[in-house]
Amino acid sequence: METLTYILTTQAATFATILTAVVAYIIYRASKADELQNGVRIIILEIKESERVIRSLLEIKNAGGNYSTDLIRLTPYKGWARYSHLFIKKLTNDEYDQLNEYFKKCESLERYIEKNHNFFWITTEERARQNEQLAAQYAFKNPTIEDDDYKEQIEQSLSLYFENTSSYSPAGIKTQMDRHLSSTNLITTTPLWNKLKELAGYKDLLG
Numbered sequence: 001m002e003t004l005t006y007i008l009t010t011q012a013a014t015f016a017t018i019l020t021a022v023v024a025y026i027i028y029r030a031s032k033a034d035e036l037q038n039g040v041r042i043i044i045l046e047i048k049e050s051e052r053v054i055r056s057l058l059e060i061k062n063a064g065g066n067y068s069t070d071l072i073r074l075t076p077y078k079g080w081a082r083y084s085h086l087f088i089k090k091l092t093n094d095e096y097d098q099l100n101e102y103f104k105k106c107e108s109l110e111r112y113i114e115k116n117h118n119f120f121w122i123t124t125e126e127r128a129r130q131n132e133q134l135a136a137q138y139a140f141k142n143p144t145i146e147d148d149d150y151k152e153q154i155e156q157s158l159s160l161y162f163e164n165t166s167s168y169s170p171a172g173i174k175t176q177m178d179r180h181l182s183s184t185n186l187i188t189t190t191p192l193w194n195k196l197k198e199l200a201g202y203k204d205l206l207g
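Heads up: the sequence shown is residues 1 to 207, going by the UniProt record's numbering.
Among the hints, a few may not be true.
To be verified - List time: in silico DSSO-like cross-link candidates among lysine-lysine, alpha-carbon distance up to 27 Å:
hint, residue 1, residue 2
1, K174, K115
2, K90, K195
3, K195, K48
4, K174, K104
5, K197, K48
6, K61, K105
7, K104, K48
8, K61, K195
9, K104, K89
10, K115, K78
11, K104, K90
12, K115, K89
13, K61, K115
14, K89, K78
15, K105, K78
16, K197, K104
17, K105, K115
18, K48, K151
19, K89, K195
20, K61, K104
21, K104, K115
22, K89, K174
23, K151, K78
24, K48, K105
25, K174, K61
26, K89, K61
27, K195, K174
28, K61, K78
29, K195, K115
Stated by the list, open to error - Derived DEER-like restraints, expressed as beta-carbon distance ranges:
hint, residue 1, residue 2, range
30, K61, K104, 34 to 42 Å
31, R55, D147, 17 to 25 Å
32, R111, N66, 31 to 39 Å
33, R179, D148, 16 to 24 Å
34, D94, G201, 30 to 38 Å
35, S183, N38, 25 to 33 Å
36, N194, R73, 25 to 33 Å
37, L45, D148, 25 to 33 Å
38, N100, S56, 18 to 26 Å
Think of the hints as simulated: they come from the structure by calculation, not from any bench.
Think of the CB as a built atom: it goes at the ideal place given N, C-alpha and C, for glycine as much as any other residue.
Work the whole structure out from these sequences, hints included.
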């Protein structure tokens with residue numbers, strides 16, 4: 001009887017151990033599936049936002065204008081850097097490389113956007129300094145000038161300097177941004193976009 005009890009107890013413990021392992025494995029797989037789905041959804045949001053910015057920049061480029069000096073983030077969540085490892089078994093090599101290349105271009109564009117933004121503020125500070133310096137020099141050379149004449153002369157002297165907006169987009173930065181924009185292939189126009197939506201469980205909820 002004691003032997004039978006021992007065997008039953010041992011078998012119950014073994015079964016409990018196996019059951020615990022199975023449940024743990026199921027939970028692990030479920031958590032991985034959730035992690036993948038959440039990762040894909042973040043990637044999708046960043047693709048949509050970054051492409052919106054890229055299209056706006058392309059409009060400026062094609063119109064021959066100067067890029068905005070706003071500090072714009074194409075991929076604020078850095079989703080690809082955080083979740084790219086989850087896509088290795090879900091995408092083909094070509095699809096994975098396509099996404100990797102796209103987000104590399106986004107990172108490069110962000111760096112040039114930041115440089116353009118920083119240059120704007122450096123230029124703004126320099127213009128303010130030049131304004132004060134030129135005004136002081138003019139006042140020193142013309143101590144008896146009337147206030148209205150003084151203001152008019154200063155405005156005329158500085159008008160060309162202040163109307164020149166080309167310095168807000170230095171040629172080197174603008175050229176690099178132009179090149180990156182021209183060589184960036186959008187994701188939403190490729191079959192990969194539909195595959196990402198399927199992985200996210202979005203189906204036709206997103207365009």
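Hints, verified against the model:
{"no.": "1", "hint": "K174 <-> K115", "result": "10 Å, holds"}
{"no.": "2", "hint": "K90 <-> K195", "result": "10 Å, holds"}
{"no.": "3", "hint": "K195 <-> K48", "result": "15 Å, holds"}
{"no.": "4", "hint": "K174 <-> K104", "result": "18 Å, holds"}
{"no.": "5", "hint": "K197 <-> K48", "result": "12 Å, holds"}
{"no.": "6", "hint": "K61 <-> K105", "result": "16 Å, holds"}
{"no.": "7", "hint": "K104 <-> K48", "result": "16 Å, holds"}
{"no.": "8", "hint": "K61 <-> K195", "result": "31 Å, violated"}
{"no.": "9", "hint": "K104 <-> K89", "result": "20 Å, holds"}
{"no.": "10", "hint": "K115 <-> K78", "result": "19 Å, holds"}
{"no.": "11", "hint": "K104 <-> K90", "result": "20 Å, holds"}
{"no.": "12", "hint": "K115 <-> K89", "result": "37 Å, violated"}
{"no.": "13", "hint": "K61 <-> K115", "result": "17 Å, holds"}
{"no.": "14", "hint": "K89 <-> K78", "result": "20 Å, holds"}
{"no.": "15", "hint": "K105 <-> K78", "result": "13 Å, holds"}
{"no.": "16", "hint": "K197 <-> K104", "result": "21 Å, holds"}
{"no.": "17", "hint": "K105 <-> K115", "result": "15 Å, holds"}
{"no.": "18", "hint": "K48 <-> K151", "result": "49 Å, violated"}
{"no.": "19", "hint": "K89 <-> K195", "result": "13 Å, holds"}
{"no.": "20", "hint": "K61 <-> K104", "result": "20 Å, holds"}
{"no.": "21", "hint": "K104 <-> K115", "result": "17 Å, holds"}
{"no.": "22", "hint": "K89 <-> K174", "result": "38 Å, violated"}
{"no.": "23", "hint": "K151 <-> K78", "result": "50 Å, violated"}
{"no.": "24", "hint": "K48 <-> K105", "result": "15 Å, holds"}
{"no.": "25", "hint": "K174 <-> K61", "result": "9 Å, holds"}
{"no.": "26", "hint": "K89 <-> K61", "result": "38 Å, violated"}
{"no.": "27", "hint": "K195 <-> K174", "result": "34 Å, violated"}
{"no.": "28", "hint": "K61 <-> K78", "result": "26 Å, holds"}
{"no.": "29", "hint": "K195 <-> K115", "result": "35 Å, violated"}
{"no.": "30", "hint": "K61 <-> K104: 34 to 42 Å", "result": "19 Å, violated"}
{"no.": "31", "hint": "R55 <-> D147: 17 to 25 Å", "result": "50 Å, violated"}
{"no.": "32", "hint": "R111 <-> N66: 31 to 39 Å", "result": "18 Å, violated"}
{"no.": "33", "hint": "R179 <-> D148: 16 to 24 Å", "result": "50 Å, violated"}
{"no.": "34", "hint": "D94 <-> G201: 30 to 38 Å", "result": "23 Å, violated"}
{"no.": "35", "hint": "S183 <-> N38: 25 to 33 Å", "result": "30 Å, holds"}
{"no.": "36", "hint": "N194 <-> R73: 25 to 33 Å", "result": "26 Å, holds"}
{"no.": "37", "hint": "L45 <-> D148: 25 to 33 Å", "result": "56 Å, violated"}
{"no.": "38", "hint": "N100 <-> S56: 18 to 26 Å", "result": "24 Å, holds"}
Hints 8, 12, 18, 22, 23, 26, 27, 29, 30, 31, 32, 33, 34 and 37, counting from the list given before, are not met by this structure.
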